[in-house]
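Build out the structure end to end from the sequences listed, making use of the hints.
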Amino acid sequence: MKFPNIDMNKLKNEGTESVTVKERRNFLKLGFAITGVYASGKILSLSSTYGVAQASEGSDFVEKYPYNPHYSMVIRQSLCIDCEKCVDACNKTNHVPEYGYRTRILTRKYVGQLDKKVEFIPVLCNHCNDAPCVRACPTKATYKDPVTGIVRMDSKKCIGCKTCMLACPYDARYFSVARHAIDKCDFCWDERLSKGETQTGCSSACPTGSRTFGNLTDPENIVFKLVHQLEESVWVIRPEDGTKPNIFYMKGNMESVDNILKGQKFKYSDPAKS
Amino acid sequence: MEIMVNISKRWGYHGIDALKKASPGYLMLMGSFALLALAGVSVGLHGMIVGYHHIYGVTREISWGILISAYVFCVVTSTGLCIISSIGHVFGGEAFMPIAKRAVFMSIIFMLGGFCIIFFDIENPFRMAIYNVISPNLSSNMWWMGTLYGAYLVFMIIEYYFLLEQNHSLSRLMGFFGLVVGIAAHSNLGAVFGMLHGRPFWYGPYLPIYFIFSAAMSGGCAIMFVTTLAWKINPEIMNQRMERAMKAICQVTIFLISTIIFFTIWKIVTGIVSHEKSIVIMSLVTGDYAINFWFFEIFLGMLLPLFLLIRSRGNNFNMIMWATGLMMIGIFFMRYDIVIPGQMVSVYHSLGVEEARDILKYTPSFHEIMAALFGLSVICFAYFAGEKMLNGHQLEKHEIVPEGGYICPGCGAIHFMEEGETEEEAMRRHHKIW
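Going down the list, the sequences are from chains A and B. Going by the working numbering, the first residue of the first sequence is number 1, and it counts up by one from there. Going by the working numbering, the first residue of the second sequence is number 1001, and it counts up by one from there.
In case anyone wonders, no lab produced these hints; they're calculated from the structure. Please note that the accuracy of each hint is not assured.
[Stated by the list, open to error] Sample of chain A residues lacking proximity to chain B, with all beta carbon distances greater than 12 Å (derived): (1) Glu-14; (2) Glu-23; (3) Pro-66; (4) Asp-88; (5) Asn-91; (6) Arg-108; (7) Thr-142; (8) Ser-176; (9) Asp-190; (10) Thr-198; (11) Pro-219.
[Stated by the list, open to error] Among chain B residues calculated to face chain A with C-beta under 8 Å, some are: (12) Gly-1051; (13) Glu-1061; (14) Met-1128; (15) Ser-1139; (16) Trp-1143; (17) Leu-1196; (18) Thr-1270; (19) Ser-1274; (20) His-1349.
Predicted model, so just to flag it, every value in this text is computed and none were measured. Even for Gly, the Cβ is constructed at its ideal location relative to N, Cα and C.
Put into structure tokens, the structure is as follows:
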């Protein structure tokens, strides 16, 4: 076999303008397939059917969810300003006592970064598809809601053994004296969603839109749009535990995210030209 | 009343009368344990009324404290007593037979003591009885642990009854079931810890396996301690068969301590190379838990008893008593060093956030210590009462051998001959393997 002799130095630069959107997307997908780091079937709970999700890793998403509506939250981390309005709203809505919390905001500090010195990370129950707390509970006092996938409590069954508190890799549970049971985030099911509201207390209180709550099975929903894109990386906390969480994180103040939400297709901007 | 007298004769008991004859010092000792148990239960009940949240040292992150450690200590010892005694009266190791009655009795008592302690840890213990039955979660280790330990206790009580009745076939059968269920229950307790995501210090198959070996070690230690202490109370319980039993158990325990040393070495060595585990390991080796680890767990729990037991040659009972008594204290810290450090790294530590930067702290509160002492004093009280009332768990004293009975040379218990039977035929009938 003979290779044509091409002198790379003499070839003309075609530039990036001529690359079609489709080609670019394919190239990106290829990259994700190799690294497997970004929003691939494994960390997303897009499907709890393992085999399909694994097979689809990096190439095409299998858009099938175990629940409908499949409630989920996307937290755009860079938008969080630690105003704690979400925490207050949560405490008020769900009558959370002083000594407990269902959600909180963690702080990560940086040294030597040019743009930021601090980052805020809101955390709450991840409503995992493979929830360790549900497995650990001896009396089925905590369970996955078969319709919505929300991890809920049947307080009267709780014996207070606290195994679920230790089983949870997100520290999302505490013992409530008033309820005589473990209390945890239920995406405001009892206080809001079951009464016809569409937003949780925290997401409606968030002034910057950092917390976006919605239904992953609805293609028009903001949560669906934020998760179903390749431009910005989406991740979950503690993916190594294999719990398939339903709280997704992304940076979220990028131009591309605005484009997604405006329904625009991706536009490549050449850094050299701007 | 007459039935009671008959039963006490048949089982070789002294009953309440024995307590009347006991020395004032002995009664004072028993009384102080009874008072301690009373104090413990009142403080525990006070906590239950006020709400554990206000008075217990456990927190949201470290939600299992000294009560769970003490519970683990009790049930580990209980299972261990069952394992060690089963070598004799289940598997037919003749040297181990004389300890059976005391071991099974103490196994039941330790289990009940454990239940006393867990009663004050579970927030809604009364719901447990209902929903464990009508809403079981078969994938939960906690459910299996509770249920199997319940079954274990029932088997052990039936076994003890048959031991008293000299029905060796049935006591052997029950002992076998008790052993199987006890090991299943105990490894499930290990799995309660070992199957928790996000707790790297516990996660994995190590704890269920370690718990079984550790239980056997605790069992050997406990039976030697309670037997040598009983010998101090009443020197008559020691005889040739019992001396042989002590020697055999001493050898087994030396082997088991070595096994646990081996386990501990590899826990430390493998833990050091994993980031989140190494935080815990370093806290045990050089940090807050260093005294717990080096002095109590390693020195009192392993090295000192290993040395003393080897030195004792299995027949220096004073030395054995001190070795195993100190070892029991060491073993308590061994359990504490599993339960508490396993929780001290926050689940968000790997995220690198400020809130989870430091390791979490736990100090047992007064209420927790008293509730734990409640269970432990119940055990001590029952032990001292048992030694007197149950006649030192012995049956071979001449005067208590009822008519038609004789002392079995194999197991040291009283056998009854049926009509026209020789002693040897009776022994064969009692010890038959079906």
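Do the hints match the structure? See the list:
The Cβ of Glu-14(A) lies farther than 12 Å from every Cβ of chain B, with a closest approach of about 42 Å, so its non-interface assignment holds. Residue-level check passed: Glu-23(A) sits 37 Å from the nearest beta carbon of chain B, beyond 12 Å. Residue placement check: Pro-66(A) keeps its beta carbon more than 12 Å from all beta carbons of chain B (closest about 17 Å). Non-interface status of Asp-88(A) relative to chain B is upheld: no Cβ of that chain comes within 12 Å, the nearest being about 18 Å off.
Distance check for Asn-91(A) against chain B: the nearest CB is about 15 Å away, which clears 12 Å, and the non-interface claim stands. With a cut of 12 Å on Cβ distances, Arg-108(A) falls inside the contact zone with chain B, its closest approach being about 5 Å. Remark: the non-interface label on Thr-142(A) conflicts with the geometry, its nearest Cβ contact in chain B lying 9 Å away (cut-off 12 Å). Listed as a non-interface residue, Ser-176(A) fails to keep its Cβ farther than 12 Å from every Cβ of chain B; the least gap is roughly 9 Å.
The beta carbon of Asp-190(A) is kept farther than 12 Å from every beta carbon of chain B, the shortest such distance being approximately 20 Å. For Thr-198(A), the requirement that its beta carbon stay farther than 12 Å from each beta carbon of chain B is met, with the minimum near 30 Å. Every Cβ of chain B is farther than 12 Å from the Cβ of Pro-219(A); the closest lies at roughly 31 Å, confirming the non-interface assignment. The interface hint given for Gly-1051(B) is met, as the beta carbon of that residue sits about 5 Å from the closest beta carbon of chain A, less than 8 Å.
A least Cβ separation of about 6 Å between Glu-1061(B) and chain A falls short of the 8 Å threshold, and the interface hint therefore holds. Proximity of Met-1128(B) to chain A holds as hinted, the smallest CB-CB distance being about 4 Å (cut-off 8 Å). With a cut of 8 Å, the hint placing Ser-1139(B) at the interface with chain A holds, because the nearest CB-to-CB distance is about 5 Å. Contact between Trp-1143(B) and chain A, as hinted, is supported at the beta carbon level, the nearest pair being about 4 Å apart and thus within 8 Å.
For Leu-1196(B), the interface hint holds, since its Cβ comes within 8 Å of a Cβ in chain A; the closest pair sits about 5 Å apart. About 18 Å separates the beta-carbon of Thr-1270(B) from the nearest beta-carbon of chain A, more than 8 Å, and the hint is not met. About 12 Å separates the beta-carbon of Ser-1274(B) from the nearest beta-carbon of chain A, more than 8 Å, and the hint is not met. Of the supplied interface hints, the one on His-1349(B) is violated, with its beta-carbon coming no nearer than about 11 Å to a beta-carbon of chain A, more than 8 Å.
Going down the numbered hints, you'll see the structure goes against 6, 7, 8, 18, 19 and 20, while the others check out.
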